[in-house]
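Q: Residues per chain, in single letters:
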Amino acid sequence: MPLSEIARRRLRRLLLFAIALLYIVSVPWYRTTGAVPDVVLGLPDWVTVALSCYVGVAVLNSIAWWLTDVPDETPRVDSGESSP
Amino acid sequence: MSFAQSGVVALLLYLCALLAVAEVARRARRDSSPADHFLAGRDLGVFVLFLTLYATTYSGNSLLGYPGEAYRRGFSWIMATGFMMSIIVVFHALVPRLRPIAIANGFVTPGDWVRHRFEGDPGSRGLLLGVSLLMVIALGNFLFAQLKAMGELADQVTGGIVPYELGVFGLAGVILLYETRGGMRAVAWTDVAQGVLMLVGLAALLSWVLGSGGGLEAVTRSIIEVRPSAAVVPDARECANWVSTIVLLGLASVVYPQAIQRIYAARSGRVLARSFSLMTFMPLATTAVVTLIGLAAIPRFAELGAAEADRVMPLLLGEWAAAGPLLAVAALCVFIGALAAIMSTADSVLLSLGSMVAEDLMGRSHRDASTTLVGKRVAAGVMLAVAVLALNREITLWRLIELKMELLVQCVPAFLVAIHWKGLRARPTLVGLIAGTVVAIAGVLLGWKRIGGVHIGVLSLGLNLAIATLGSALAAGSRLERAPASE
Chain A
1 MPLSEIARRR
11 LRRLLLFAIA
21 LLYIVSVPWY
31 RTTGAVPDVV
41 LGLPDWVTVA
51 LSCYVGVAVL
61 NSIAWWLTDV
71 PDETPRVDSG
81 ESSP
Chain B
1001 MSFAQSGVVA
1011 LLLYLCALLA
1021 VAEVARRARR
1031 DSSPADHFLA
1041 GRDLGVFVLF
1051 LTLYATTYSG
1061 NSLLGYPGEA
1071 YRRGFSWIMA
1081 TGFMMSIIVV
1091 FHALVPRLRP
1101 IAIANGFVTP
1111 GDWVRHRFEG
1121 DPGSRGLLLG
1131 VSLLMVIALG
1141 NFLFAQLKAM
1151 GELADQVTGG
1161 IVPYELGVFG
1171 LAGVILLYET
1181 RGGMRAVAWT
1191 DVAQGVLMLV
1201 GLAALLSWVL
1211 GSGGGLEAVT
1221 RSIIEVRPSA
1231 AVVPDARECA
1241 NWVSTIVLLG
1251 LASVVYPQAI
1261 QRIYAARSGR
1271 VLARSFSLMT
1281 FMPLATTAVV
1291 TLIGLAAIPR
1301 FAELGAAEAD
1311 RVMPLLLGEW
1321 AAAGPLLAVA
1331 ALCVFIGALA
1341 AIMSTADSVL
1351 LSLGSMVAED
1361 LMGRSHRDAS
1371 TTLVGKRVAA
1381 GVMLAVAVLA
1391 LNREITLWRL
1401 IELKMELLVQ
1411 CVPAFLVAIH
1421 WKGLRARPTL
1431 VGLIAGTVVA
1441 IAGVLLGWKR
1451 IGGVHIGVLS
1461 LGLNLAIATL
1471 GSALAAGSRL
1481 ERAPASE
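Protein sequences, first through last, are from chains A and B.
Count the first sequence with the working numbering and you get residues 1 to 84, in order.
Count the second sequence with the working numbering and you get residues 1001 to 1487, in order.
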């Protein structure tokens, strides 16, 4: 069943919020500086975390763009005047 | 046939293919209006739009500069994947609102938005000039860097058979020819071929680099052994730089004139959204790949100094080409792919420059067909001037090139804030733009490119935004106070 316009907008906002969180987690500010990392999935663990976050951003952002309505016409603004 | 001779043949074949595509594009034109020439008649579909966005966004720097940066800085350069992706994220704030206004008003250049949004506002003419000037300067720097990179690469691919000077002038001439004949249509269609070449070449190179190094884990362990500092968790300053780069690139790239013009050029809003939903994956397929290639070079060329790091990509390709005839062909594909990346960025920059100078600086109308001719003449003049400048191989305008993003980001309030807040006024936005630009230039010239890891461009944007928003709010307040008095 297709999503309603309001549901699409809410889901899109939620996705953009999740993307912001992934960006925050991708930077290893919370790790001990200078620590020698473990190798996870072939990369230093903090790099694996960062790259996983960016894969997540790509997927969520792609979905967000699918949900985005880019209109080709400017929405009509009700001027408040009554027509004759 | 030697590798250098094969390079000349491949280069000639590639250039002939570009000119053939441009001729087809010229025959496909509908009229001689600026919208048809500069925006391909606003009829770019998903596939072409996606690949032209891709080829335009990823310049020669992405393919040749980023591996060197990864080699120098180590694993923290994974940040590049994040900042390239942030561009497509930040577009959410601009595209859905700008596109319908642009279509309704027939916009061709970024300046058309500024003119429309601030029409009748005191200071609007100055703001239009300020924004356009910053964009033209940034684009001029960008074009200069691409021409220099083109000359260097042609020299390397052909082993000096095509010398640097001939590379700069010859390739600039080819770009000018197909761009003036076929306009955006030719640029976009050649971008398709250039984008595919880049992707195929990089995928092949990565598989060879990792395969010959014993796989990803073996390469990582070698890096930790050879240069442990490249793999340790970065310090607070580097983390601040990571965040700052994402903010700077994400915001500044959104106001790239050639990117804004592609928003106008899409066949429909739906096509645009679909293209962006594909584009968001490209940093993984390109930036992450070139980062891994640069990192894999650390154990291979342990002795390279920081200044020589930019040669990482040519060195790897040289090794690759020497490993066998089939691999030499693949290496040639990557070289041509890199050249394609540079040319696709240069052609888009040139097209934007021509339209912006003709309309926004010279005041020509986008509804007047003669503007197309003026734009073409401007493009030819700019290309000639920049090519002559680029002939001097020793010239170091790199500091100015570094300024590109710091300058472009100052245009953000006139686009991203203005499109969301009706209260933003032209005069405070202009004052903010001037203040931000002066601080950014002074900072870079004084050597304060970053303060505590944060780019001077981001800090000066903060000042710019504060002046623009507070000034607009104060102007609104004083207008309200004056209104009852006049009644």
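One should not assume that every hint holds.
Computed footprint of chain B on chain A; a stretch qualifies when at least three of its residues, placed anywhere within it, have a C-beta under 8 Å from a C-beta of chain B [unchecked claim]:
hint	stretch
1	42-51
2	60-72
Residues from chain B that keep clear of chain A, each with C-beta distances beyond 12 Å, as calculated [stated by the list, open to error]:
hint	residue
3	G1045
4	I1078
5	H1092
6	R1099
7	R1125
8	V1174
9	G1215
10	L1216
11	V1219
12	V1233
13	I1263
14	T1291
15	G1318
16	V1374
17	N1392
18	A1442
Here are a few chain A residues that sit away from chain B, every Cβ distance over 10 Å (derived from the structure) [what the hints assert, rightly or not]:
hint	residue
19	S4
20	E5
21	R10
22	L11
23	I19
24	L21
25	V27
26	P28
27	V55
To be clear, the hints were calculated from the coordinates, so they are not data collected in a lab.
Just so you know, these numbers come straight off a predicted model, no measurement behind them.
Backbone N, C-alpha and C fix where the C-beta goes; we use that ideal spot for every residue, glycine too.
Q: Can you give the numbers of the hints that this structure goes against, from lowest to highest?
A: 4, 5, 6, 9, 10, 11, 12, 13, 14, 23, 25, 26, 27
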